[in-house]
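Model the full structure from these sequences, guided by the hints.
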Amino acid sequence: MGIGGVSIGSLLIVLVIVMLLFGTKRLRSIGGDLGGALSGFKKAVREEEESPSALTLDAGSVAQKRQVEKEELVS
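Note that the sequence shown covers residues -5 to 69 in our numbering.
Fair warning: there could be bad hints in the mix.
[To be verified] Pairs of lysine to any residue residues, derived as SDA-like cross-links and limited to a Cα-Cα distance of at most 20 Å, are as follows: (1) Lys37 / Lys19; (2) Lys36 / Gly25; (3) Lys19 / Lys36; (4) Lys37 / Asp27.
By construction, these hints were calculated from the structure, which means they are not laboratory data.
Right under this line is the structure:
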């Protein structure tokens, strides 16, 4: 008995059928695309954690920024 009630033999049969349907080049391409998408997602998450967005500004700093902008417009 394998993972979740699926035997290793069943998994191998499914793998062979998938390889026959798509071919190894197509599977390699799909795997590369999937890996690239995952690494891009991880990079975006890492960048977001390092530099918080403008939504994390507190109300005081937003009010100060608006006041400065108003003063610049009046001058």
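- Query: Of the numbered hints stated previously, which ones are contradicted by the structure, given in increasing order?
  - Reply: Going through the list in order, the structure violates hints 1 and 3 and respects the others.
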